[in-house]
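**Q** What follows is each chain in one-letter form.
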Amino acid sequence: MNKARLMQGNEAVAEGAIYAGVRFFAGYPITPSTEIAETMAKLLPQVGGKFVQMEDEIASMGAILGASLAGQKVLDATSGPGFSLKQELIGYAACAEIPAVLVDVQRVGPSTGQPTSPSQGDVMQARWGTHGDHPVIALAPWTVREAFDATVMAVNYAERFRTPVILLMDEIVGHLRERVVLPEPGELPVYARRQPKCTRSEGYQPYTPEEDLVPNVADFGEGYRIHVTGLIHDETGFPSGSPSVTEKSIRRLHEKISRAEDEIIHYDEFFLEDADYAVVTFGGVSRTAYEAVQNARRQGIKVGMVRLMTIWPFADKMIARLAKQVQGILVPELNYGQLVGEIERAAAGQCPVKLLAKYNTEIFTPTEIETAIKNLCAGGRI
Amino acid sequence: MNQLRFSGSGGQGVITAAIIFAEAAIVEGKNAVQSQSYGPEARGGASKAEVIIAEDTIYHPKVLQPDYVLAMTQKAADKYSGDLAANGLLILDTDLVPNVPAYSHIVRIPITKLAVEKIGKALYANIVALGAIVHLTQLVRLDTVRQCVADRVPASTIEQNMQALQTGWDAVKAES
Chain A
1 MNKARLMQGN
11 EAVAEGAIYA
21 GVRFFAGYPI
31 TPSTEIAETM
41 AKLLPQVGGK
51 FVQMEDEIAS
61 MGAILGASLA
71 GQKVLDATSG
81 PGFSLKQELI
91 GYAACAEIPA
101 VLVDVQRVGP
111 STGQPTSPSQ
121 GDVMQARWGT
131 HGDHPVIALA
141 PWTVREAFDA
151 TVMAVNYAER
161 FRTPVILLMD
171 EIVGHLRERV
181 VLPEPGELPV
191 YARRQPKCTR
201 SEGYQPYTPE
211 EDLVPNVADF
221 GEGYRIHVTG
231 LIHDETGFPS
241 GSPSVTEKSI
251 RRLHEKISRA
261 EDEIIHYDEF
271 FLEDADYAVV
281 TFGGVSRTAY
291 EAVQNARRQG
301 IKVGMVRLMT
311 IWPFADKMIA
321 RLAKQVQGIL
331 VPELNYGQLV
341 GEIERAAAGQ
351 CPVKLLAKYN
361 TEIFTPTEIE
371 TAIKNLCAGG
381 RI
Chain B
1 MNQLRFSGSG
11 GQGVITAAII
21 FAEAAIVEGK
31 NAVQSQSYGP
41 EARGGASKAE
51 VIIAEDTIYH
61 PKVLQPDYVL
71 AMTQKAADKY
81 SGDLAANGLL
91 ILDTDLVPNV
101 PAYSHIVRIP
111 ITKLAVEKIG
121 KALYANIVAL
131 GAIVHLTQLV
141 RLDTVRQCVA
151 DRVPASTIEQ
161 NMQALQTGWD
171 AVKAES
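Chains A and B, in that order, give the protein sequences.
When we follow my numbering, the leftmost residue of the first sequence carries the number 1, and every step to the right adds one.
When we follow my numbering, the leftmost residue of the second sequence carries the number 1, and every step to the right adds one.
The following block holds chain A by itself, in its conformation from the complex (with noise of 0.2 Å):
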């Protein structure tokens, strides 16, 4: 059995990914961010793998996407700037259906910000930043183990959708250490790079989709000619100006994760049995609200918290029926309010949502939350 040990978040992110079968990281450091890259330096040359740092950020996520064409699962990393330079291929990567994983560890912005003070305020860049319309799956952990788990999650879905997935860390978790067990090979499920189910001459073309939407296409160097474009392409992969495909390519895009979205949406509920009041929290900002929560508890206050692991797809559905148990909805993100909008989306009106922000590079307190629950069930200012 492994043994207990120590670990860095972002240290678990990087030992996820060679459990997931990553074999290829291309990236350019910038805090807090780096130390994925340092230990994918390490950890790959170890499993046949490799690791290359590029010149820049925009180069390193063209690599993974090359290799990932050539049969790699990949793995890129970076922090709110480098995410803002590599926006352009996340959005090729989703129309030419290219598996990538790429890692914001979040911190202060806008631009150079506050480099190593903690934030979420990524939230809608994660959903926004590429152009277009298009799906995307992004997955915030809470604790050093499951910074691992997601990105093997990560590392399934991207392979699985085909699709790029953000992992939405921030510098709270990915640079917190504490004790881990990891798990065994095995254990945890990891998806494999599908296949072509037939050849050329048997009809084979790359975007045709199987029966949940995706495309098996093949990859570079295994006899089949493909062609890869971020025009929209029709089922041969070669561009087509027809309204007709373009309506139906936009649509299938969306459609293989919105049809998975109960698979894919990922959430935690504590102490919600007989509460009047939630707290709905995501990353390491969680950490601090279960133990308000907890305190509020042991006051009396019939609160409960709703901890969502995947942001995009948003959870919708969980949210409009926390929305109709409780009379109020308490929003703490380290930003200037980014998640709380899509909460008062999916509440609809039925209770209200108030938001608590923080945006000074200090990570809140307990009694900070706590404060704001008080408030919240008071019904005034938060």
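In case anyone wonders, no lab produced these hints; they're calculated from the structure.
Yeah, the Cβ is synthetic: ideal placement off N, Cα and C, and Gly gets one too.
Check before you lean on any hint, since a few could be wrong.
Said to hold, decoys possible - Computed list of lysine-lysine pairs in DSBU-like fashion (alpha-carbon distance at most 30 Å, straight line):
1) A:K358 <-> B:K75
2) A:K358 <-> B:K121
3) B:K121 <-> A:K42
4) A:K3 <-> B:K30
Stated by the list, open to error - Rough simulated footprint, nothing fancy, chain A against chain B, three-plus residues with beta-carbon under 8 Å:
5) 29 to 36
6) 113 to 127
Based on these hints, arrange chain B on the given structure of chain A.
**A** Relative to chain A, chain B alone:
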């Protein structure tokens, strides 16, 4: 629950000392989290690392009220010791913190001077400090810490680091 803060200037190795301390706690079957905050500079600037040790799961990852604060610079002592628990302990580098903060429980050890005089380099000051803290806190065993230091430092410096650890441990005996 025990809350510790290791503070100094970037490059002094306070984060490494905190990591090793937390590692020792894990090896001994306890729960521990270690976090840090530092400026954008590679060297200089204020640097702080925190360790929480508990029997149960630790949620909020930052120290709320430290039981122990190590300060390796005047700036760190001024900035990071104000919220010490009433019955806590402030550990200062004698030479680098000339203006002693007003606090009732203080141990002063010439940490950096000992590193230079006994091991030959100021570089080992963090491990000297670690030895002293292990002795003062009694939260983890010296033997465990020895192993954790050996696992983390470059192989060519293990001997010097063991010496540094012992120097810090002995410095507490000499003080008390």
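**Q** Look at each hint and say if it fits the structure.
**A** Results for each hint:
1. Distance hint between A:K358 and B:K75 is fulfilled; the C-alpha atoms sit about 26 Å from each other, no more than 30 Å.
2. With a C-alpha separation of about 42 Å, the suggested pair A:K358 and B:K121 falls outside the 30 Å cut-off, and the hint is violated.
3. Straight-line distance between C-alpha atoms of B:K121 and A:K42 comes to about 29 Å, which keeps the hinted pair within the 30 Å bound.
4. Simply put, A:K3 and B:K30 have alpha-carbon atoms about 13 Å apart, close enough for the 30 Å limit, and the pair holds.
5. Chain A is given as covering the region 29 to 36 of chain B, and this holds because 7 residues of the stretch bring a CB closer than 8 Å to a CB of that chain, at least three being needed.
6. Only residues whose beta carbon comes within less than 8 Å of a beta carbon in chain A count, and the region 113 to 127 of chain B has 0; fewer than three means the coverage is violated.
Comparing the model with each earlier hint shows violations of hints 2 and 6; every other hint is respected.
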